[in-house]
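Engineer: Sequence:
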Amino acid sequence: MRLQEAYLSRYRILHNPADLSLAVQNLRLASGHATQGFPERLKAAFRWVAAAEEHNHASGLEAYTTFFNLFDGHLATRSLTISRRETAAAFYYARSLPVVAVSCTIRHINLRRAVELVEQGRGQKWSLASRLRTLVEDLEPANSTLVHNYLELSKLISNAAQSSATITDRAAADRAATEYRRLTRQWEAVVAEIRDLPAFSRFLLPPSYEDLQLAARQ
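When we follow the UniProt record's numbering, the leftmost residue of the sequence shown carries the number 1, and every step to the right adds one.
Among these hints, one or two may not hold up.
Using C-beta positions, here's what the derived DEER-type ranges look like [as the list claims (entries may be wrong)]: (1) Arg185 - Gln162: 16 to 22 Å; (2) Ala171 - Pro39: 16 to 22 Å; (3) Leu214 - Ser9: 45 to 51 Å; (4) Asp196 - Glu152: 17 to 23 Å; (5) Ile106 - Glu193: 33 to 39 Å; (6) Ile106 - Ala199: 28 to 34 Å; (7) Arg202 - Leu151: 14 to 20 Å; (8) Ala58 - Asp169: 40 to 46 Å; (9) Arg175 - Ser201: 35 to 41 Å; (10) Ser144 - Ile109: 42 to 48 Å; (11) Ala199 - Leu151: 18 to 24 Å; (12) Arg112 - Glu193: 27 to 33 Å.
Don't read these hints as lab results, they were simulated from the structure. Remember, it's a predicted structure, so these values are computed and weren't measured experimentally. Note that beta-carbon positions come from the ideal geometry of N, C-alpha and C, so glycine has one too.
Construct the complete structure from the given sequences, taking the supplied hints into account.
Structural biologist: Here you go:
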């Protein structure tokens, strides 16, 4: 049994808030663990969302935000549209999360975040491919080396994920998983570099409330 599940089970029996806090902390760490690839971190983030909703924990908004940002990153490493669709289909159970997340933000009286989550959910369904093209095209003049590194690593991760699905040998599967995690860490480091550039602080992040207000005025 995972440690966070043990804490949650104990909380359901003893109702000690410390157990719930420890469970959430473990899920938070698991969803951000640098040695894990996107799929495992997404599963941890989804369990975090479920726990926060079940027990009305204050970390609910953080859990939703973490899941959506990881999901965007996971889709962004898929080089082909069909691969993105297959990835989205693999997380079919999370399709209703944007709607539920908006409900969570309203309960927490955070209407600005509700607007952002609506847009992020819509973007994941309809506009991710075009948004990625626009972001990369805008970045090219600013730093072509980072663009090359980002696209190359995205392709390598996509290829690694697809090829690992056909591996049946345990040792080979372990090596493939290690390589996938290594590439993911490199990809995240490049994305962090891009976000340090002027005007690219929200690269692969959803539009902020202020950005949406500006777009609405235009």
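Engineer: Need the list of violated hint numbers for this structure, in ascending order.
Structural biologist: none
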